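Student: Chain residues, written in single-letter form:
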Amino acid sequence: MVSASVRKSATDLTRRRARTFFTVATLAIAVASISFLAVPTLIDGAMQEEVRAGRLADVTVAMRPVELSDAQLAALAELPNVAAVEPRASVDVRVLVGERRAPARVIGVRDFAHQGVDVVRVESGAFPDRRELLADVQDANVGVYDGRAGDTLTVVRPSGEDASFAVSGRGRSLPGGEQVQDEDVIVLYAPAATVAALGGEAGYGGLALRLDDSRPGAARATVEAVRSYLRTVPGFAGFSNLPEVRAPGDWPGKADTEAFAQLLGVITVLALLSAVVLTSNTMSTLVAEQTREIAVMRAVGARRRQVALVYLRTTLFLGTLGALAGAALGILLSSLLASYFASAFWAVDVGFGVDPVVLVVSLLVGLFAPPLAALPAIRRALRVDLREALEASGSALGGQDAADRALRRVGFLPRTMQIGLRNVGRRKRRSLATAVIVAFAVGNLLAVLAVADAVTESTRSAWGDHLEDVQVSTGGRALFDQRAEQAIRSTPGVAEVEPVLKNTVALAGRKAVVWGVEQAPLLRYRLADGRWFSPAEEQAGERVAVVERNIAQIVGVDVGDRITLATAAGPAGFRVVGIAKSQQEDGTALYVPLTTARALLGRPTGASAFWVRAESPDQALVDRTTTLVEDRLAALGYEVASEVTYVAERDEVEANSSLTTTVAVLGFVIVAMSMVGLANAITTNVLERTREIGILRSIGARARDVRRIFTTEGIALGIGGWLLGIPLGYLLTRLLVWLIWEIVEVRIPVVFPPVNVLIALVGTIVLALLVLFLPVRRAVRFRPGDAIRYA
Amino acid sequence: MVVAGRERTEASTRAPLIELTGVEKVYRTGKLDYRALRGVDLSIGAGELVAVVGPSGSGKSTILNIVTGIDRASAGTVTVDGQRLDEMSEEELAVWRGANVGIIFQFFQLLPTLSALENAVLPLDFLRRGSKRERFGQAQRNLELVGLGDKVDHLPAELSGGEQQRVAIARSLAADPRLIVGDEPTGNLDTVTAAEMFALLERLNEEGKTILFVTHDRELAARAPRVVEIRDGLVVNG
Numbered sequence: 110m111v112s113a114s115v116r117k118s119a120t121d122l123t124r125r126r127a128r129t130f131f132t133v134a135t136l137a138i139a140v141a142s143i144s145f146l147a148v149p150t151l152i153d154g155a156m157q158e159e160v161r162a163g164r165l166a167d168v169t170v171a172m173r174p175v176e177l178s179d180a181q182l183a184a185l186a187e188l189p190n191v192a193a194v195e196p197r198a199s200v201d202v203r204v205l206v207g208e209r210r211a212p213a214r215v216i217g218v219r220d221f222a223h224q225g226v227d228v229v230r231v232e233s234g235a236f237p238d239r240r241e242l243l244a245d246v247q248d249a250n251v252g253v254y255d256g257r258a259g260d261t262l263t264v265v266r267p268s269g270e271d272a273s274f275a276v277s278g279r280g281r282s283l284p285g286g287e288q289v290q291d292e293d294v295i296v297l298y299a300p301a302a303t304v305a306a307l308g309g310e311a312g313y314g315g316l317a318l319r320l321d322d323s324r325p326g327a328a329r330a331t332v333e334a335v336r337s338y339l340r341t342v343p344g345f346a347g348f349s350n351l352p353e354v355r356a357p358g359d360w361p362g363k364a365d366t367e368a369f370a371q372l373l374g375v376i377t378v379l380a381l382l383s384a385v386v387l388t389s390n391t392m393s394t395l396v397a398e399q400t401r402e403i404a405v406m407r408a409v410g411a412r413r414r415q416v417a418l419v420y421l422r423t424t425l426f427l428g429t430l431g432a433l434a435g436a437a438l439g440i441l442l443s444s445l446l447a448s449y450f451a452s453a454f455w456a457v458d459v460g461f462g463v464d465p466v467v468l469v470v471s472l473l474v475g476l477f478a479p480p481l482a483a484l485p486a487i488r489r490a491l492r493v494d495l496r497e498a499l500e501a502s503g504s505a506l507g508g509q510d511a512a513d514r515a516l517r518r519v520g521f522l523p524r525t526m527q528i529g530l531r532n533v534g535r536r537k538r539r540s541l542a543t544a545v546i547v548a549f550a551v552g553n554l555l556a557v558l559a560v561a562d563a564v565t566e567s568t569r570s571a572w573g574d575h576l577e578d579v580q581v582s583t584g585g586r587a588l589f590d591q592r593a594e595q596a597i598r599s600t601p602g603v604a605e606v607e608p609v610l611k612n613t614v615a616l617a618g619r620k621a622v623v624w625g626v627e628q629a630p631l632l633r634y635r636l637a638d639g640r641w642f643s644p645a646e647e648q649a650g651e652r653v654a655v656v657e658r659n660i661a662q663i664v665g666v667d668v669g670d671r672i673t674l675a676t677a678a679g680p681a682g683f684r685v686v687g688i689a690k691s692q693q694e695d696g697t698a699l700y701v702p703l704t705t706a707r708a709l710l711g712r713p714t715g716a717s718a719f720w721v722r723a724e725s726p727d728q729a730l731v732d733r734t735t736t737l738v739e740d741r742l743a744a745l746g747y748e749v750a751s752e753v754t755y756v757a758e759r760d761e762v763e764a765n766s767s768l769t770t771t772v773a774v775l776g777f778v779i780v781a782m783s784m785v786g787l788a789n790a791i792t793t794n795v796l797e798r799t800r801e802i803g804i805l806r807s808i809g810a811r812a813r814d815v816r817r818i819f820t821t822e823g824i825a826l827g828i829g830g831w832l833l834g835i836p837l838g839y840l841l842t843r844l845l846v847w848l849i850w851e852i853v854e855v856r857i858p859v860v861f862p863p864v865n866v867l868i869a870l871v872g873t874i875v876l877a878l879l880v881l882f883l884p885v886r887r888a889v890r891f892r893p894g895d896a897i898r899y900a
Numbered sequence: 004m005v006v007a008g009r010e011r012t013e014a015s016t017r018a019p020l021i022e023l024t025g026v027e028k029v030y031r032t033g034k035l036d037y038r039a040l041r042g043v044d045l046s047i048g049a050g051e052l053v054a055v056v057g058p059s060g061s062g063k064s065t066i067l068n069i070v071t072g073i074d075r076a077s078a079g080t081v082t083v084d085g086q087r088l089d090e091m092s093e094e095e096l097a098v099w100r101g102a103n104v105g106i107i108f109q110f111f112q113l114l115p116t117l118s119a120l121e122n123a124v125l126p127l128d129f130l131r132r133g134s135k136r137e138r139f140g141q142a143q144r145n146l147e148l149v150g151l152g153d154k155v156d157h158l159p160a161e162l163s164g165g166e167q168q169r170v171a172i173a174r175s176l177a178a179d180p181r182l183i184v185g186d187e188p189t190g191n192l193d194t195v196t197a198a199e200m201f202a203l204l205e206r207l208n209e210e211g212k213t214i215l216f217v218t219h220d221r222e223l224a225a226r227a228p229r230v231v232e233i234r235d236g237l238v239v240n241g
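Which chain is which? The protein sequence lines are A and B, in order.
Its first residue numbered 110, the first sequence is counted upward by one per residue in this note's numbering.
Its first residue numbered 4, the second sequence is counted upward by one per residue in this note's numbering.
I should point out that these hints are in silico values taken from the structure, not numbers from a laboratory.
One should not assume that every hint holds.
Said to hold, decoys possible - Every beta carbon over 10 Å from chain B, so not counted as near; a handful from chain A, in silico: (1) Asp-271; (2) Leu-373; (3) Arg-401; (4) Gly-410; (5) Thr-429; (6) Leu-491; (7) Gln-527; (8) Ser-643; (9) Val-756; (10) Arg-800.
Unchecked claim - Examples of chain A residues toward chain B, derived with CB under 7 Å: (11) Arg-161; (12) Val-409; (13) Gly-746; (14) Asp-814; (15) Arg-816; (16) Gly-894.
Keep in mind that this is a model prediction, so the values were computed, not measured.
We put the beta carbon where it would ideally sit given N, CA and C, even for glycine.
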């Protein structure tokens, strides 16, 4: 048989079922929000499995196509520290998807049956033979091509001729999937011989290596050994890009995921802060409501410790329920989120998973936070005067301070609304806590909306700086030359052509992209400091650079500094003449004179891309001109990929908005929590004032009068929270913008559009009306007699 | 035991304002049924001043609650001023009460955030009767009637127990109802204040109001012209 005090702890919960439900729901959501922290671990687990299964390369080198015999490949595999080597060929083509010509990349695999690195695995169907192609699973996932086994695909070869291929099925490899994700290109796999036939040129454009020791020092030494060996191979002209060395444990997109996870962590902290206020509010209400019972227990001889134990036990019961429900909800939520991200970005299945550390933390927080949050309220209740407490009727006093006097001066509202408004002042601590909870939601919503707006604005302004209508690039097998430039210039509809030479480099260990551009480029560059390079510097091919502000700040570079770039051709020194704030390449671009870039890479007339301006910005003309340019270049044997500015801008705005939508969905958890908090506060108020409702009904109040009193109270709390939420939202916006710069290294402006503040107001009122529905209905359903007798 | 009372006045012979016939009331609390009234027949004429007495739990307050429509009878008919309360909905009852009955509670039950004047005007606000100015004028007059004309802006917490009960009486008079009921209206007051309050009720009765009140106070009950005694849910006298 349980003791009477234990029984009281339990029956306090069953006596107020609605309140118990809301409290447990609040705790559960708070505990569940901790599970956000498990998302990166779950994704990482799945991706590491993917890395193992796909034997992801530790080092990847790119070069102009070189023919390698089996013996030479075997020799490469014999080099110290090389565990396996896989040659890669690829050709950029266009394929017909319906009526549309879409850019595609066919990746050649030497022998599908024996792959040592960056393994292409079959997901459905079979490996392709010489007349077949295997589509990457990401093609369908990203939405560029949803072909499957049995379909036929028409490939437009670089030479312009059509060739038909059967699709043998769907396959996957991490590097291939990454290219679909990053470049929106259709990735297809084929035997290396097919790629050679399509490109009209044999040879491999890259090597993927797995190493015994993948630490940076060992990897660098191996890269040098590979370079030395390749120098003995006829036709090798050096690496065409900086070798990519994968850090141990890294996978494509890991840095982005981690950056995103850190932002998720910020939201989790906000959710937890909100939860702390909510939990302590709920607990103090729970205890305050029982002031009279506490006094009765004290009157019949209970010691303070015994009374405190009764309520600590009650909160522990609540905590247990909240922790269990929250942990379950959290496991579900984190698995769903991880699955969503992994499948959306990499088409990888995460499945159902648990991060044990996060689970334990969730359970501990759920169990012990409620009793801790209740302690101050319990202490207060134990100290009240016994006689006063015994006479407490729950709602005897009306406030009489300045705030109450101000509320009493609102005389233009109907009496019922006045009562509702004044009721806000009756339990100030509770009202304030409720308003703070709503404020968290509003602030969070405003910050997320502001960041979404800022990202869109910054994307638009970065694209708005592009004066070209289309950028035509080579696939990387060979650079464009003057012949290509002439072909574009003579294409009908073309007004202006400008060669650009882009190359990946490293600045102080950070990946950056050199843009070799003309002195007066088709780019509206914006300078933060210093100057652009001069015509004289361009003519002389001087090693001067204008550095984007983001990377300049990260590596600590200023105007006048000398920097050394690690390039595919070895280290190169530059003098910084200006700092730009154009946000190209996410703020990692370095602009150098085209002549300098060409000299650096030893390609005096080479260009990796052309910026083309059509005779008018009319989209139909731009589309037609792009097709003509592609055809002409293809007929000359160039691999072509084109990026139409207006399409790319639209796509990027869409991609960004889906990301910010995701953040907004997560922010919704905070909103949900605050609304549960509001519902809880109003339910408590209704219960506490049940007698008063009875009295009102006795003196002639109709259901709608009572409804109006409590609705006004709820809306007033909501609006109070909204008002508090506006400055909070502004601060959070600044915090998020700062965090995005610190974590993701992307600079976005601080914007705070007033229309968002109005959206938040409407949202607050609508949600408040929704959550008020149940408690208010309860209030009007009381029969006056039952309400007056309610204890 | 018969409680002493004055002779019945003529009023009881007039057309009844309140007519209870075979009224039963069963409260369901958990697994137990509690029969608070077991077939009450009671008739009260317009203009009467009636005290209802009886031991705790006898059903006194239940009778008041049934007469005001705060509680519903489990059986029997309840007619007040020609209206069958047992046939009305909760909403109709609320509106009817606001217009026709003034109720005074033992613990005053004023709204703590409203001033004396606002408390006194509340039933008129609910009734939406007259202009705002007219409503306040009426409430002001009622407060003056109960001797609180100088404290209209005070909050309940700033008034003494007796003053709070006067506000409650002023509130009960708001809609100028024919019937005023009090559930232990002096139960929470000292004897001097209680006597003053009763005098006020007597005055209202003289002005034509029908007054029905429950009390434990034998002396007070003895001052009423008619005393109804309830015991174990039945009218045993009166």
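Student: So which hints don't hold here, by number, going up?
Tutor: 7, 10, 11, 12, 13, 15
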